[in-house]
Amino acid sequence: MTFCKICGRTVVKGSVLCQYHQSALDSLHTSYEAWKKASGVSWKEYIEKLCQLEETGRWVFDVAEQLKSGDDLSAPS
Amino acid sequence: MVITEKPTAAKRIAHALDENKSPTEVKKRGASYYECKRENDDLVVVYALGHLFELKQTVKGWTYPRMETSWVPRYEVEKKATQIKPIINLIKKLAKDVDSFVVATDYDIEGSLIGYLTLKHACNADPEQAHRMFFSTLTDSEIQSAYDNMAGSLNFPMIAAGQVRHEIDWLYGINLTRALTLAVKNTAGWFKIVSTGRVQGPTLSFVAEREQQINLFVPNPFWVIHAKTMHNNIEIELEYSKKRIETRNESDSIVGDLDGQTAHVDSINKKISTQQPHPPFNLSTLQSEAYRHFGFKPSRTLAIAQSLYLDAVISYPRTSSEKLPETIDLKKIISGLGKMKSYAGMTKQVLQKGNLTPVQGKKSDPAHPAIHPTGSKPTKRLTPSENKLYDLIVRRFLALFCEPAEKEHLRADIKHEEHLLYLRGLRILKQGWMEFYGPYSKTNERELPDISEGDSLLLSPVSDEERYTQPPARFNPASLLKLLEQENLGTKATRARIVDSIKSRGYTMNDRFELSTLGYALFETLGKYMPNILSPELTRFLESEMEEIQQEKKDRESVLTEAKSNLLELLEDFKSQESEIGNELVTGLQRYWQSKEELGECPKCQEGTLRVIRSSKTGKRFVGCSNYSEGNCDQTFPLPQKGDITPLDTVCPHCGYIMFQVTSGRRKWETCINWTECLGRKDELKALEERRNKQDKKTEGEEK
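Quick mapping for you: the protein sequence lines, in order, are chains X and C. For the first sequence, this note's numbering assigns the number 77 to the last residue and increments by one with no breaks. For the second sequence, this note's numbering assigns the number 1704 to the last residue and increments by one with no breaks.
Just so you know, these hints were derived from the structure itself, not from any lab. For glycine and all other residues, C-beta sits at the position ideal for the given N, C-alpha and C. Take these hints with a grain of salt, some might be off.
Stated by the list, open to error - Where chain X lies over chain C, by a calculated footprint (3+ residues, C-beta under 8 Å): (1) 1214-1220; (2) 1382-1389.
As the list claims (entries may be wrong) - With a straight-line Cα cutoff of 25 Å, these simulated SDA-like cross-link-like pairs (lysine to any residue) come out: (3) X:36 - C:1529; (4) X:68 - C:1470; (5) X:13 - C:1529.
Build out the structure end to end from the sequences listed, making use of the hints.
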């Protein structure tokens, strides 16, 4: 696949996402540690919460929605 | 011949210079000039309309690179500039009988260049022989003094700096815009102007980088503690000493420790602080304050300030200075203001105190002092916007002569075991300058309740609230302008226009500079293929070169030659990647149009896409199905004919049809494409009908 699963932009090497959505996915993973420490939420609860918050950035929201719907965002091996 | 910059300035200058204060306006074929007499001099005062001459390429063809230019009358470049021709013709004719020329345009880079070009190309005169008047206000006394003490020559380094700024801006703006536009045309066959420029590129980059930070933002949770207590039957809200609690566990434990417990007032601390008046306004602080208090865009503030300057009620607004030099007769200005009812009380107080040493700021400008009132009464009735800005300037000016404000900050420390809570109070002990600047400098005073050290307080209820960190704020016109100033990009005269252009080109949406898909496409493409255009470094380097011309450290020719050679290299690089650049821009444009014009799947055929269409017969817009042209679907919906339409991702809660937003002036509202039939929107429709009828009656009344 050469186009981002979410927005149709060209994907970055080794990913199914464009540079923006890949960065959002990376931020999402990094921030989970802080959330887990702060409130002990599970990954699923965390993703659901991010989908509800209006502070969540657009690209982060797109990725969270995708994950919520059970979509696999890891690159095909 | 006295050459001025605008008709209003010409009228003022002629009036100030004429011995009898009644110059004659002579009108000739769509233009005019003033005749006046001052001692032995018979004067003709003529005016330009901003720039009368503009740059034009000498080699024909809408292509790039185009490096050679010449100055031509503005009407040859701008079709709409029809008023320019009679003015140039009149100046040309009058100049034949003139023995001496005086430039009395604004004393800044643009004004100096306007005077120089008018002399050279309209008067056919030798600029080396011309004289120069310097003034910062258009009051009679300053104009007369500027005429009596005029300089024997023009400021040629300033003119050269102005000339090279126009030349470099033209070279970068025209060539890069054509390169981008032609890349799109050669790829998809569409002609859509895609512009960028020397300062516009970095400005777009600032907006795009902020947008990226916002889009990538992951909010983090934190907790705040709310604690209340009753004292003398009054409910008091206390502030927990740690503003943000990082974990839920810690927050829960604080609430558990404090709720229903008794705390005691450990100490009450007082601190007195003084606050000096704000320094006098320069253009950027005026623009920022006007946006904060009145919501004026920087370009609007500049236009209003310019109008106040032309009415001689404030000094020249395009200044960086925050200083009022000793040469200004402050007492005269304050006495003048005292003749106006609104300021009589304040001026009386200032004059009574006798201390006329104003507070000064740090920034200076060799050409003009800080913005200040002249003390002259307006000759016309000021518009509400002019009144607001004038009041802001006058109050800021009068506040400069006042004493500092004195504030008492009180803080009661309330303790329970290891937990510390605060109760704060703020009292203004002495208003000082805030008394004059009051409407624009509000302080919320908070009385500290009547408590004493050792008092016991029952903490109840104590609770916590989960909150989330906030993304960085988007730019507003004032904050973007401030950033350009901090980064030394553009000039005080051009920044407001550049900020506006980012929006008018469709690169951003809404008042808060939200990047559009088109803005993203341009930013991404330039970032990938021509990062120099987005970098502030290149334009900052060119700015410093221009400054060095003004300081006579460099000459215009060498700076221009270097700029052309760098640009040629850039354009060659562009040409070699034109098809890749074109492809990316075309994709971005498609996405942009899609976001502006597509309203989702057609509810009737469920195959086509609903689009905003404009009827070629009536010119009216409506929503239609993309399958219409194939004869497969005739679904249409009416659209409001006024305002900008933005499709939304939501559906109508009443009928389930897709929603869109209409922005008309400052009014914004959301409705669904089925708005004329939707049962949930009957009231909206009725209100619209009423508004229309009202408007029709008003128009009828005006026509009668």
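These are the hints, each one checked on the structure:
| no. | hint | verdict |
| --- | --- | --- |
| 1 | 1214-1220 | holds (count 7) |
| 2 | 1382-1389 | violated (count 0) |
| 3 | X:36 - C:1529 | violated (41 Å) |
| 4 | X:68 - C:1470 | holds (23 Å) |
| 5 | X:13 - C:1529 | holds (19 Å) |
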